[in-house]
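FYI, in the numbering used here the residues of the sequence shown are 54 to 614.
It is possible that part of the hints are untrue.
Only pairs whose alpha carbons sit at most 20 Å apart, straight line, appear in this in silico SDA-like list of lysine to any residue [unchecked claim]:
#1 K220 with E243
#2 K220 with A573
#3 K289 with G340
#4 K525 with I593
#5 K297 with R342
#6 K486 with S515
#7 K486 with L528
#8 K343 with E262
#9 K220 with T504
#10 K552 with S515
#11 K434 with R359
#12 K343 with P386
#13 K343 with D253
#14 K159 with R111
#15 K343 with Y268
#16 K143 with K220
#17 K289 with E243
#18 K552 with A573
#19 K559 with S515
#20 K559 with K434
Listed next, with one range per pair, are the computed distances between beta-carbon atoms [as the list claims (entries may be wrong)]:
#21 D196 with P70: 36 to 42 Å
#22 L583 with A500: 30 to 36 Å
#23 E242 with A500: 40 to 46 Å
#24 K559 with L521: 38 to 44 Å
#25 Y96 with Q250: 39 to 45 Å
#26 D365 with M495: 23 to 29 Å
#27 D365 with D198: 39 to 45 Å
#28 L501 with L339: 22 to 28 Å
#29 D292 with K559: 55 to 61 Å
#30 P585 with L541: 32 to 38 Å
#31 E595 with R86: 23 to 29 Å
#32 L541 with Q462: 31 to 37 Å
I should point out that these hints are in silico values taken from the structure, not numbers from a laboratory.
Built from N, CA and C at the ideal position, the CB exists for glycine as well.
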Amino acid sequence: MTPLENAAGRFGPTPPPGHRDWYAHEALRSLPRLVLMVDHNPYSPTYGCFDRSFWHYRTMDFPCGMNQEFCLPLALAYANEYPGNRYRGKERLRELALAAVDYAEKSSHADGTCDDYFPYERALGALVFSLYAMTESCLALGDRDPRRLEFFAKRGRWLISHNETGKLANHQAFAALALYNVFLCTRDEEFRRGSDQFRDLTLSWRHDEGWFQEYEGADPGYHSCLIAFLAKLWKKSRDESLLKPLHEAADFAWWFMHPDGSYAGEYGSRNTYHFYPHGFEVLAGLGNRKAGEIADGFLHRALPDRTRYFNDDDRMAAHYVYDWLHAWEDYAPERTGPAALPAEPEARWFPDARILAVRHRRYHFVLNGSKGGVFKVVTPKGAIASDTGPIGELADGRVFVTHIVDRDQSTAAHEGEGAVHKIVVEGVCQHRKVTLPTPLTMMVFRALLLTVGRFNANLVRSLLQRKLIVGKRRLPLRFRRTVELGTLEVTVTDELERKDPSLRLKRLSVGSDATSIYVANSNTFQESRLLPWQDAGGEIEEFNRTGRLVLERRIDVSGDA
């Protein structure tokens, strides 16, 4: 028996920090939440539907196809021996997992596609997430029902001949994985070839620094998802072309595992805290030391200390649960523990990503020069600073920010080494416009979807992307941020200068977690979100009088780690 087992051979409820069983422990205690989401009634027309807002609350007029991925944690818990798994062999879990597959078929469009956020969306993201989860469930359960296999083939054929607008490398990687699973289920070479096509497209969006394109830059959070997806694909296919990109991707990710176990943040292009550990466990098993250190940061701190990110709303709650179970299965026993903060400073400037990462014996610092100099300072005790730049309201009610990616109109210059660095970021402030739905606009939007959108989903998606994500609304207001990093303090100087003399400020702050583009998986929880915003209203009068202002502050990093 291991030290965690009692006399009855059952694992105790809480593993010690760093133990492999934290993966299973965290996943299995999430299972009741997932089972809650599904319609259990075999006589119900929505039996197997995981969209509770549709089948139970009835506040939505269509079911979200993404939610059918919730079947996979149920299938894994039913099929596999995990420590403390009281769900092993519970026949109802198997029934519900397969009912979810059947409901996905029933609720799909005639071409096998599904919707995510609006009718007739035919969302590639929702399709690949759910297709992978359903095929993986059937593989785990040994189910080869011909009707289900034909449904998978229908989805796979649509996927092979379609793509989506925007560059989201994690979606392409997941498409490659989903299609390979369809190949494993059907043994039809068409789907293996389709998987290869999405693999090649994913790899074409790889940068020499090890990261992959996520809309307008590098997002370490989604980067961890991509590593997990490609590592799962490698495990199934043993495709040697994936190994070098995966190892280099892990080397890039290593700079964003913080010493308190948290990972990533608003400094990413898509503002996410995502952390999927399975890919790092796979790479650790292949001898990648940094991948093992990343995974150990999660096992030693993020899970036991609850410093992990929480993305547990009704739409996203299953995303990482099955990845934790896969990480338990592929745990690499040869470990060195989490990366300790170094005695001598280590720094890396990624000029293509415009990201500076510095590891000091007292703290870990990350700044993104593509996002106006958004940065984080994290110690082993937690984040002591999270800064997403000035955010203010003009007299006419418009809100401006400095943190929206705008590489065409911004510059980032870095100099320094060791513990001493200086980075200067300059650019144009942008209007942060939030468009909320109203009954009237929703009626108009639905009418558009039922006519134009029904036959051209990518056109609607492209318009929404330009409006909510990549569109620029520049203002006649420039910013300049200078960050000077030393051994005892971080000095931040923000300057604003108007180019239109009529601009007047009404209020001004420095945000700790402000974001402005639409990303479904942002605005989740990590402890750094509890850091306060800073009021900068004392400089408003100076700006309104002269058209310029300077904000200077210092962050003390001299304390013991």
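Evaluation of the provided hints:
1. K220 with E243: Cα-Cα ~24 Å, so violated.
2. K220 with A573: holds, 16 Å
3. K289 with G340: With Cα atoms ~19 Å apart, K289 and G340 stay inside 20 Å; holds.
4. K525 with I593: Cα-Cα ~25 Å, so violated.
5. K297 with R342: holds, 14 Å
6. K486 with S515: holds, 18 Å
7. K486 with L528: This hinted pair holds, its Cα atoms lying about 12 Å apart.
8. K343 with E262: holds, 16 Å
9. K220 with T504: violated, 27 Å
10. K552 with S515: violated, 32 Å
11. K434 with R359: holds, 12 Å
12. K343 with P386: holds, 14 Å
13. K343 with D253: The given pair, whose Cα atoms are some 25 Å apart, is violated under the 20 Å limit.
14. K159 with R111: holds, 18 Å
15. K343 with Y268: With a Cα-Cα distance of about 26 Å, the restraint between K343 and Y268 is violated, given a limit of 20 Å.
16. K143 with K220: violated, 41 Å
17. K289 with E243: holds, 17 Å
18. K552 with A573: Violated, at about 34 Å.
19. K559 with S515: violated, 34 Å
20. K559 with K434: Roughly 36 Å between the alpha carbons, so the hint for K559 and K434 is violated.
21. D196 with P70: 36 to 42 Å: Holds: the Cβ-Cβ distance is about 38 Å, inside 36 to 42 Å.
22. L583 with A500: 30 to 36 Å: Given about 42 Å between the Cβ atoms, the range is violated.
23. E242 with A500: 40 to 46 Å: holds, 43 Å
24. K559 with L521: 38 to 44 Å: violated, 25 Å
25. Y96 with Q250: 39 to 45 Å: Holds - the Cβ-Cβ distance for Y96 and Q250, about 42 Å, lies within 39 to 45 Å.
26. D365 with M495: 23 to 29 Å: Given a distance of about 27 Å, which is inside 23 to 29 Å, the answer is holds.
27. D365 with D198: 39 to 45 Å: The hint (39 to 45 Å, Cβ to Cβ) is violated, given that D365 and D198 are roughly 32 Å apart.
28. L501 with L339: 22 to 28 Å: violated, 49 Å
29. D292 with K559: 55 to 61 Å: The hint (55 to 61 Å, Cβ to Cβ) holds, given that D292 and K559 are roughly 56 Å apart.
30. P585 with L541: 32 to 38 Å: The hint (32 to 38 Å, Cβ to Cβ) is violated, given that P585 and L541 are roughly 22 Å apart.
31. E595 with R86: 23 to 29 Å: violated, 51 Å
32. L541 with Q462: 31 to 37 Å: Holds - the Cβ-Cβ distance for L541 and Q462, about 34 Å, lies within 31 to 37 Å.
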